[in-house]
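**Q** Protein chains in written order, with our numbering: chain R, 1 to 487; chain G, 1 to 492; chain F, 1 to 117; chain U, 1 to 140.
These are computed hints drawn from the structure, not numbers from a lab.
Where a beta carbon is used, it is the ideal one built from N, C-alpha and C, also for glycine.
Some hints could be false.
[Claimed, not checked] Subject to a maximum C-alpha distance of 25 Å in a straight line, what follows is the list of computed BS3-like cross-link-like pairs (lysine-lysine):
id	chain 1	residue 1	chain 2	residue 2
1	G	359	R	158
2	G	372	G	439
3	G	439	G	359
4	R	450	R	158
5	G	359	R	161
6	G	359	G	372
7	R	158	G	439
8	R	161	R	450
9	R	450	R	359
10	R	161	G	372
[As the list claims (entries may be wrong)] Far from chain G by the CB rule (all over 10 Å, computed), these chain R residues:
id	residue
11	24
12	152
13	168
14	210
15	294
16	360
Here is how the chains run, residue by residue.
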Amino acid sequence: MSPATSIQLALALPLLGAVAIAVLRRRPDLREAATMATGGALFGAVASLLPHVMAGGRPSLSLFELFPGIPIAFVVEPLGMLFALVASGLWIVTSIYSIGYMRAHEEENQTRYYISFAVSIFGAIGVALSGNMLTLFLFYEVLTLSTYPLVSHHGTEKAMKGARTYLSILLSTSVGLLLLAVAWTWVIAGTLDFTDGGILAGKAEGPILVILLALYAFGTGKAALMPFHRWLPAAMVAPTPVSALLHAVAVVKAGVFTVLKVIIYIFGLDLLGTTGASVWLMYVAGFTIIVSSLIAMQQDNLKRRLAYSTISQLSYIVLGAALATTAGIIGGGMHIAMHAFGKITLFFCAGAIYVATHKTEISDMRGLGRAMPITMIAFLIGALSVIGVPPLGGSWSKWYLALGALEADQLLFVAVLMVSSLLNIAYLIPIPIRAFFSAPADGSAYPAFKEAPMFCVVALSFTAMGCVALFFYADDVYRLLVPLAGG
Amino acid sequence: MIEHLPVLQIIVPMIAAPLCVLLRRRLLVLGFAILACWITFGLSVALLDQVLTNGVVRYEMGGWAAPWGIEYRVDLLSAFVLLLVSGIGAIVLTFAPRSLSDEVPVSRHYLFCSVYLLCLTGLLGIAITGDLFNVFVFLEISALSSYALIAMGGRRQALPAAFQYLVMGTIGATFILIGIGLMYMMTGTLNMEDMATRLAAVDGVRTGLVAFGFFTVGVALKMALFPLHVWLPNAYTYAPSVVTAFLAATATKVSVYILLRFVFGVFGVEFAFERLGLTTILLPLSLAGIVVASTVAIYQRNIKRMLAYSSVAQIGYMVLGISFATATGLTAGIVHLFNHALIKGGLFMAMGCVMLRLKSVDIDDMAGIGRKMPFTMAAWAVGGLGLIGVPVTAGFISKWYLIRGALELNWWPVAVLVLLSSLLALVYVWRVIETAFFKEPSERAQTATEAPLSMLIPTWVLIGASIFFGLMTSRSAGIAQQAAEALLRGSP
Amino acid sequence: MDTVIGLYNYWVVIFLMMTGFYIVISRENLIKTVIGLNIFQTSVFLLYITMGKVRGGTAPIMADGFDVYTNPLPSVLILTAIVVGVATTSVALALVVRIREAYETIEEDEIRAQDRA
Amino acid sequence: MTDHTILRVVTKLLIPFVLLFALYVQFHGDYGPGGGFQAGVIFAAGFVVYGLIFGLAEVRRVAPARVVEIFIAAGLLIFAGTGVVTMLKGGNFLEYGALNPAHPAEGQHLGILIIELGVGITVAAVMIAIYSAFAGRGRA
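Bound conformation, chain R alone (with noise of 0.2 Å):
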């Protein structure tokens, strides 16, 4: 199979998928059938790419053009590869989860839920494999509107408005400033193909460059940057399968790859690094993982608290791009992996503990690790992974990160990211402490083993299993990685 065909499978199999789920949908089971051999399939293609981009290669893919100058296109990166990898990759494993969750609560509109669900993940591999900035802004505002059913799938007043949230805020800030950011790089650059070292150099300087980065930064909302992070705690309305691996992977992912695609393939390294228009940008990062951490330890409501630390991890990322260091990127894109794997879990736990006690709220869930302990310990793993404790996948990243805070001497940052380890660990690890070792606030006692359907735990395991065995290969992670900074 040439790199180019499956270039076109990846995109076209999730929306075949999405076909046959809608001709599926009055037989729930050839339609979750449909879902798993779609997500199969895609993580094939995507995978069949990996050897060709290890290999040194760019495959790519070029459709028609959109405007004169500007086709739809599509090359496959690193960075590009890796997310499309992971998104591809768990889209499988949720798919197992969503199974046992969705029929477990009884949901309606489930053909609905498993379509937008393709439609979705179409919107995040087009993002992943994008060649050029309008590409990515195309499927950019398809991840954003095809999640839009999913969030306000439940269809109460509640949902509706944290839809209208989620929606209004990703659509104002990537048409009002990303938009603009793009038009601008064109108008300036005259291409808005991804190249290495960047287009801008030498056609931008000074505060134009600043306010430049500030539209992209900004203007991706997916990243999630302070002030515009709201959308992701009102997005926790949605079912969590969604919360999980869109609101933890794909989407918010979207975003910090959309940073760092911006500055390393917009702006380019050397340029931020010798004008330091970049600066500014870390401290906003800084901002936002110190103060968002704080935040969610007053959270009691899990998946609200888990929704913030998602806001504080992907700052890592927008950090480690800012740095514009070669350990930062590889950091940054690392973490996207890392954090995926952790983050997951942590979801996956929060639905199982939903479904099978309806708990949503921390302080119900003392003692319930002797209910459900499978689920108690890989959350106990996600959590560590998300924290950077060896021997699971997110030291690696957090190491790195630090590594090119030092390379860029902004100890300041190392020192943010060593509070910010502390803040982590002191809202999460209390969780499972408690389910461990306290007994229940109202005296109950838990039945000895209630755990959640098959298919969730399965699933979340795996996940926590993922997380592990990052730690063992993130050599090989690195190695994908390493060109992005070498140019």
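Knowing the structure of chain R, use the given hints to seat chains G, F and U on it.
**A** Frame of chain R, contents of chains G, F and U only:
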């Protein structure tokens, strides 16, 4: 026959109109009128093709040579507008039969078709003629027939609405007539091309300025440029759905065409923009129109009226592009003229479907309608996204060129304002989508069923086209760009 | 003085135009609006016709002994414009008749009041 | 007004002359002042006078709404049809010369005559239609 294409474009609908009166039998007339519209569309496709391969096509009426006789002159812009108008005309009339029998007494259908075809004749005539006075005549043909069409609306409010439109339209047309008269006084010709060359020799005297002023105000009235738009919301709200869809997609667009033709084809960029400073008038008006009309749209409960206000805002976008007076800006204006016609036509047709089933287009009655009429409302939603300018829709293409145009001139605030105004569109579109899809069905909506295929298919054709031209832009933006460049060069 | 007397035709045109325009915008009665509209249009007809006049010229009919003719084109144009004007007036009056049937009044403020109710 | 004998008699006498005058204006149009517009209006004036004196019903009996409608359409078709014929004969639309290729000037006379006839028919019919529509309002 190929050399007669330009005139056939006009006389096919013109002859079909009286034939409709003679045929009289409802089905016969409808079938015949639809056929005539599609033939007209075919002709304009052929004409565009001819223009693309051979350049400007000319036709001398009655064999009288220009500039003495009336000349039909089809350049790229004309051909583009002709294609748009005849295409929309054909699709909307195909959509019409079912909707009409619900909103207009059956005994009047043959008259409706006849008047509709006359209106089409007028609109096409404006786009094709190279004679300034002829523009006025065709303008009045289309205007008079549109007053009649609007007055056919089922509710009595349609009558004052049509009357108001008539008064405003006549004032506008008379202003245009004064402008034409003064231009004739100054140059002694009515042929636009000839006028442009002679005007250059006259070296802009005061008469020219006055003529320019009258003409611009007249056209602004006709195309509902803010704040001269007051006739539009009522007219669009109370006209029969079919008429609204047709007029919204064509009438104001053709007026924009007149503005383009007059400003660039007759006066030339230099005179209009550098000496008269047209930008200082058009720019603030269009921006104010965009913001004010979009905001007003948010507060409308009648969705047809909401879309009407949105039209006023969208006219603002087109004029904004024109006011840049650069290739990119003009491209934005022209391509938006095209894209918005598709989008708004589709949206109003979807509203026609809703009207058919619900007998109301009030937002309260439309709650939950998305579950009962999924295909209709899906079309509406896609069209709505186009209004916002979401990527993959045609609306995005227009917005892209507009922003680019503003940035090329370094007009920061304009670009920002354009983008912010999309958010206003987001609010008014999303209000409807949310009500239609995520609320419990209202009492009326409970009994509603999906619209008939005869209406759904044409609606989706337009909506589909708006997606198609959001991706394949070489035929829309590409032609718009060529036309824009030709306009900036002035008449050959 | 020349501008006042020498261009008297324009002053007539302007006077009529403003009169018509004023009636259109100030009257609530629909019939009066239509009349105002007519005056407004007529002023433009006059503008065209006086503009075609050539001093010392006769009616543009070929005859012996005349060399100077009035420009016939503006008159022809205005013939068309008059027809358009008649058509507009009749459509307007037809609308007024139907408005009166539907609302029992032809006063704009009363119509608005009824619509609001 | 149906009781006024003098009016009735005078009207009856007058109408043929009005119509005849209309025809004169109509067919004199290509040589002197005149033409379809004026003729049509004069012709319709005859009907209007008739209607005023003898009542609308009488006019409708002579010229039923449907017939008037057909005449409006027919006049337009004569106009446009002439143009089509000239096109078929190898000229441009409304290039009258083509009607008689041997003598273009003759063709032009003929063309104008036919065109004006079309205009006259339409104008007369439209005027009658407008009159009867307004006068008939409210009487069903």
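**Q** Now look at each hint and say whether the structure bears it out.
**A** A quick look at each hint next to the structure:
{"no.": "1", "hint": "359/G with 158/R", "result": "31 Å, violated"}
{"no.": "2", "hint": "372/G with 439/G", "result": "12 Å, holds"}
{"no.": "3", "hint": "439/G with 359/G", "result": "19 Å, holds"}
{"no.": "4", "hint": "450/R with 158/R", "result": "30 Å, violated"}
{"no.": "5", "hint": "359/G with 161/R", "result": "30 Å, violated"}
{"no.": "6", "hint": "359/G with 372/G", "result": "14 Å, holds"}
{"no.": "7", "hint": "158/R with 439/G", "result": "13 Å, holds"}
{"no.": "8", "hint": "161/R with 450/R", "result": "34 Å, violated"}
{"no.": "9", "hint": "450/R with 359/R", "result": "13 Å, holds"}
{"no.": "10", "hint": "161/R with 372/G", "result": "23 Å, holds"}
{"no.": "11", "hint": "24", "result": "18 Å, holds"}
{"no.": "12", "hint": "152", "result": "6 Å, violated"}
{"no.": "13", "hint": "168", "result": "7 Å, violated"}
{"no.": "14", "hint": "210", "result": "15 Å, holds"}
{"no.": "15", "hint": "294", "result": "31 Å, holds"}
{"no.": "16", "hint": "360", "result": "23 Å, holds"}
Hints 1, 4, 5, 8, 12 and 13 from the earlier list are contradicted by this structure; the remaining hints agree with it.
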